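**Q** Keeping the supplied structure of chain B fixed, place chain F upon it in accordance with the hints.
Here are the chains, one letter per residue:
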Amino acid sequence: MFVVLLVILTGFPLLVTGTEIVQPENSEITLKQAERIYRDGVLPSGKVLTAVAEADIELTGLQVACANCHRRSGLGTNEGNLVMPPITREFLFQAKKLGREHRFLYKTEGSGTRPAYTMESLKKVIREGIDSSGRELGRLMPRYNLTDQESDALVAYLSTLESSSSPGVTEEEIHFATIVSDQVDQSEKKAVLDVIESYFKKKNAGTRLETRRAENAPWHRDWKYESYRKWKLHVWTLTGSSDTWEAQLNKYYSKQPVFAMLSGLAYGSWQPIHDFCEQNHVPCLFPNTDLPILSESDYYTFYFSKGMFLEAEVLAKYLRDERTKVSRLKIVQVYRAEGKGKAAAQQFRKKLKLQINDTLFDQSIKIDEAIDKQFWEKLIGEHRQSIFVLWLNNQDLKTLKELANEKQDINRVFISGTLITDDLVDIVPDSIRNIAEVIYPFEQPDKLPMLLYRSNAWLKAQNLAGKYQKLQANTFYVLRAVGRTIMHLRDKFSREYFIELVEHISEKLLVSSVYPRLTLGPGQRYASKGAYILRFSGEKKKQLVPVSSWIIP
Amino acid sequence: MNYQTQLIRYVVLATVITSFSHFGINNSFAAEKVRTADLHAHHQVKNKSRQNYTSSVRFYSILDEELLDSHGVKRSLKKVIESGKPVLLNFIFTTCPSLCPILSATFSQFQKKIKDDVTQPLLISISIDPEHDTPEKLAAYAKKFKAKDNWIFLTGNVDAITAIEKSFDAYRGEKMNHVPLTFLHKPGQVDWVRIEGFTSAKDLLAEYYQLVSE
Chain B
-14 MFVVLLVILT
-4 GFPLLVTGTE
6 IVQPENSEIT
16 LKQAERIYRD
26 GVLPSGKVLT
36 AVAEADIELT
46 GLQVACANCH
56 RRSGLGTNEG
66 NLVMPPITRE
76 FLFQAKKLGR
86 EHRFLYKTEG
96 SGTRPAYTME
106 SLKKVIREGI
116 DSSGRELGRL
126 MPRYNLTDQE
136 SDALVAYLST
146 LESSSSPGVT
156 EEEIHFATIV
166 SDQVDQSEKK
176 AVLDVIESYF
186 KKKNAGTRLE
196 TRRAENAPWH
206 RDWKYESYRK
216 WKLHVWTLTG
226 SSDTWEAQLN
236 KYYSKQPVFA
246 MLSGLAYGSW
256 QPIHDFCEQN
266 HVPCLFPNTD
276 LPILSESDYY
286 TFYFSKGMFL
296 EAEVLAKYLR
306 DERTKVSRLK
316 IVQVYRAEGK
326 GKAAAQQFRK
336 KLKLQINDTL
346 FDQSIKIDEA
356 IDKQFWEKLI
366 GEHRQSIFVL
376 WLNNQDLKTL
386 KELANEKQDI
396 NRVFISGTLI
406 TDDLVDIVPD
416 SIRNIAEVIY
426 PFEQPDKLPM
436 LLYRSNAWLK
446 AQNLAGKYQK
456 LQANTFYVLR
466 AVGRTIMHLR
476 DKFSREYFIE
486 LVEHISEKLL
496 VSSVYPRLTL
506 GPGQRYASKG
516 AYILRFSGEK
526 KKQLVPVSSW
536 IIP
Chain F
4 MNYQTQLIRY
14 VVLATVITSF
24 SHFGINNSFA
34 AEKVRTADLH
44 AHHQVKNKSR
54 QNYTSSVRFY
64 SILDEELLDS
74 HGVKRSLKKV
84 IESGKPVLLN
94 FIFTTCPSLC
104 PILSATFSQF
114 QKKIKDDVTQ
124 PLLISISIDP
134 EHDTPEKLAA
144 YAKKFKAKDN
154 WIFLTGNVDA
164 ITAIEKSFDA
174 YRGEKMNHVP
184 LTFLHKPGQV
194 DWVRIEGFTS
204 AKDLLAEYYQ
214 LVSE
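Protein chains in written order, with the numbering used here: chain B, -14 to 538; chain F, 4 to 217.
Isolated chain B, as found in the complex (with noise of 0.2 Å):
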């Protein structure tokens, strides 16, 4: 009798606590739910991903998201002598027989053998670190803690990754697009096509023969050949209003797909096509535009920098790190109600954090009104003793000459680098540049010739070189980082391995456009970061020298 009490009672707190052990399906894991454990780290539950490596160093959230080593892409990456190896779907699912004779893949794939993952065996890989040879991983590979649902659904998830599945991109051609909008300078335009054009027919050429050594190469070099396609440019002219081209850039991708997006030149916010890339997973590579969009999280567009919005943030930075040699800042910003100004002037209130006695004017112009002497004497004598700020374009900075004998009563004057697109020895007149400063996101003009020797050499080369020194530079810097870039991509048509190897690309290219320095990394979408302040000096005040360092805010 008691015997038969003891069974029953030994079996009775398993019973109560049963649901523990079998885990009742009450809900199903969503692909979505399971794409976020894997790039963000957040369980379905909405706890944080938990996961132990280097044997006690626990880590959670995205300090161990899988996304971060395996990349968006699940193509991997290495990072110092380390390799984490590619996991999609391809990978996986098949046996690895990396021996010797492949170890110049051992950089990408991680070397070694073992056989093809089933669903079972990749749950233990993950959650236990053995992997379906039997043997453990190295300590830098966590061990996470996941339910089997979880589980299951990480691993479904994982057998979605695709190595390749961009459009765009067939056997023989790998099509490309630029943007240019119809309200652009035709000479502007023709100088950006023109580089573009003559590149793609360039790289065309040289791959004419590179397919017929692909047939023929040999066998430990027959991976080098396997990215190799004719370049195809499509240029999508966008007209009309902006709030129309996002229906237009549909029109023209739905009739050709293409796998990815170059350069560009549109005026006004690039908004449209950004929202267009990001929703279609279109990488963007380095549009022309001083107004990109500024975010935090998106992922397909990269740009050169933050255009006039950086502008605005230095100069911010600037006058408040003034701030121990002045009392009170007194700022008038003049800029034309639309545009580039206007972002400018909106961001540079946003970022001066005003204090208590300080002022800020903001003296806006309606886009066809006249700038005249009058229209200068009267603000300059409502705001003594005043930095200006002038977010004003060549034409309207020239009417400055206006005041050119009189003695005013300025305090200093700020001038955009960027709206200045002409000498500005030649645009600032002789009086103003005493007092007047220049926030320049580029490489000193000193500097800029050694800067641009290579690409310049290439434009004059192709009887390219113009007058539009920086558009050009910029449209070769991105034909340059595409193609290295494709060069790596093997056969893995993925637009985000394509953009994860971007990432990576940027500091091994010899040019950089007309900036110092254009950086990036993972997650990273903003290359160049930050300007100088210069001042005419000299005795004809005709030399731009630096005030600052390099200032990034």
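These are calculated hints, taken from the structure and not from any lab test. This structure is a prediction, so every number in the text was calculated from the model and none was measured. A portion of the hints provided could be inaccurate.
[What the hints assert, rightly or not] Calculated lysine-lysine pairs in the PhoX-like style (CA-CA distance at most 20 Å, straight line):
(1) F:Lys169 / F:Lys81
(2) B:Lys32 / F:Lys149
(3) B:Lys32 / F:Lys147
(4) F:Lys205 / F:Lys115
(5) B:Lys338 / B:Lys315
(6) B:Lys445 / B:Lys188
(7) F:Lys88 / F:Lys115
(8) B:Lys351 / B:Lys327
(9) F:Lys77 / B:Lys310
(10) B:Lys335 / B:Lys315
(11) B:Lys217 / B:Lys187
(12) F:Lys77 / B:Lys302
(13) B:Lys351 / B:Lys363
(14) F:Lys205 / B:Lys302
(15) B:Lys327 / B:Lys310
(16) B:Lys187 / B:Lys175
(17) F:Lys146 / B:Lys336
(18) F:Lys149 / F:Lys118
(19) F:Lys146 / B:Lys32
(20) F:Lys118 / F:Lys77
(21) B:Lys358 / B:Lys338
[Said to hold, decoys possible] Residues of chain F placed beyond 12 Å of chain B at every Cβ, according to the derived structure:
(22) Tyr63
(23) Ser79
(24) Pro89
(25) Leu106
(26) Phe171
(27) Val182
(28) Asp194
(29) Arg197
(30) Tyr212
(31) Ser216
Don't be surprised by glycine CBs; every beta carbon is placed ideally from N, CA and C.
**A** Showing chain F alone in chain B's frame:
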């Protein structure tokens, strides 16, 4: 003792015993909450005492560069290092995908597990991507790793950072080429312990205890 009391005692005993054994299975996993059907997995997780790093003694001259900490305050690297406390130093950048999260989580774990009765160190992490890693970005990174007050994050201008990396023989060109390095220093001495590779928190603590007790 009557039948009822005996019965109650046995019920309580049985419940207690079986619940211990049920929970005990889970608790014996070294990596605490690994929930897996394989009840022997904890053996494999436990046997992790292989040393994967190398340590050596080196001499470095500390540059007197002016850097910014995660609060935007100017700090002299030399003064920070020669503050009179033992120092642990590494190089990181906030968008680093894999290497730095491990190195920084190791520092976090080190802070959490260090004994109260030893000299408390200063932990220093210097960014090798100073253009992106502004003080604000470093502050967010510090928060992510629950850094305590004695863990300082530094950034500065590109040339200063490159010079500092070189002075520690840590410069590898592009930031993605960097390797895991941790440096330990005892105040008043010229030499540093250079650790190459990843350590467990236990190993790093052991190295530290050895250093401060020498």
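**Q** So, for every hint listed, does it hold in this structure?
**A** Results of checking the hints against the structure:
1. F:Lys169 / F:Lys81: holds, 15 Å
2. B:Lys32 / F:Lys149: The hint holds at about 18 Å.
3. B:Lys32 / F:Lys147: Distance of about 15 Å is within 20 Å: holds.
4. F:Lys205 / F:Lys115: holds, 11 Å
5. B:Lys338 / B:Lys315: The hint holds at about 13 Å.
6. B:Lys445 / B:Lys188: holds, 17 Å
7. F:Lys88 / F:Lys115: Answer holds: Lys88 (chain F) to Lys115 (chain F) is near 18 Å, not above 20 Å.
8. B:Lys351 / B:Lys327: Distance ~11 Å between Lys351 (chain B) and Lys327 (chain B) Cα, so the pair holds.
9. F:Lys77 / B:Lys310: With Cα atoms ~18 Å apart, Lys77 (chain F) and Lys310 (chain B) stay inside 20 Å; holds.
10. B:Lys335 / B:Lys315: Holds, at roughly 16 Å.
11. B:Lys217 / B:Lys187: holds, 12 Å
12. F:Lys77 / B:Lys302: Holds, at about 15 Å.
13. B:Lys351 / B:Lys363: holds, 16 Å
14. F:Lys205 / B:Lys302: Status violated; Cα separation ~43 Å.
15. B:Lys327 / B:Lys310: Violated, at roughly 28 Å.
16. B:Lys187 / B:Lys175: Holds, at roughly 18 Å.
17. F:Lys146 / B:Lys336: At roughly 23 Å apart (the allowed maximum being 20 Å), Lys336 (chain B) and Lys146 (chain F) break the hint.
18. F:Lys149 / F:Lys118: holds, 18 Å
19. F:Lys146 / B:Lys32: holds, 18 Å
20. F:Lys118 / F:Lys77: Violated, at about 31 Å.
21. B:Lys358 / B:Lys338: Cα-Cα ~32 Å, so violated.
22. Tyr63: With a cut-off of 12 Å, Tyr63 (chain F) remains clear of chain B, as the shortest Cβ separation is near 20 Å.
23. Ser79: holds, 17 Å
24. Pro89: Per Cβ check, Pro89 (chain F) is outside 12 Å of chain B; nearest 21 Å; holds.
25. Leu106: Violated, since 9 Å does not exceed 12 Å.
26. Phe171: holds, 15 Å
27. Val182: With a cut-off of 12 Å, Val182 (chain F) comes too close to chain B, as the shortest Cβ separation is near 4 Å.
28. Asp194: holds, 25 Å
29. Arg197: Answer for Arg197 (chain F): holds, closest chain B Cβ roughly 15 Å.
30. Tyr212: holds, 16 Å
31. Ser216: holds, 22 Å
The structure shown violates the earlier hints numbered 14, 15, 17, 20, 21, 25, 27.
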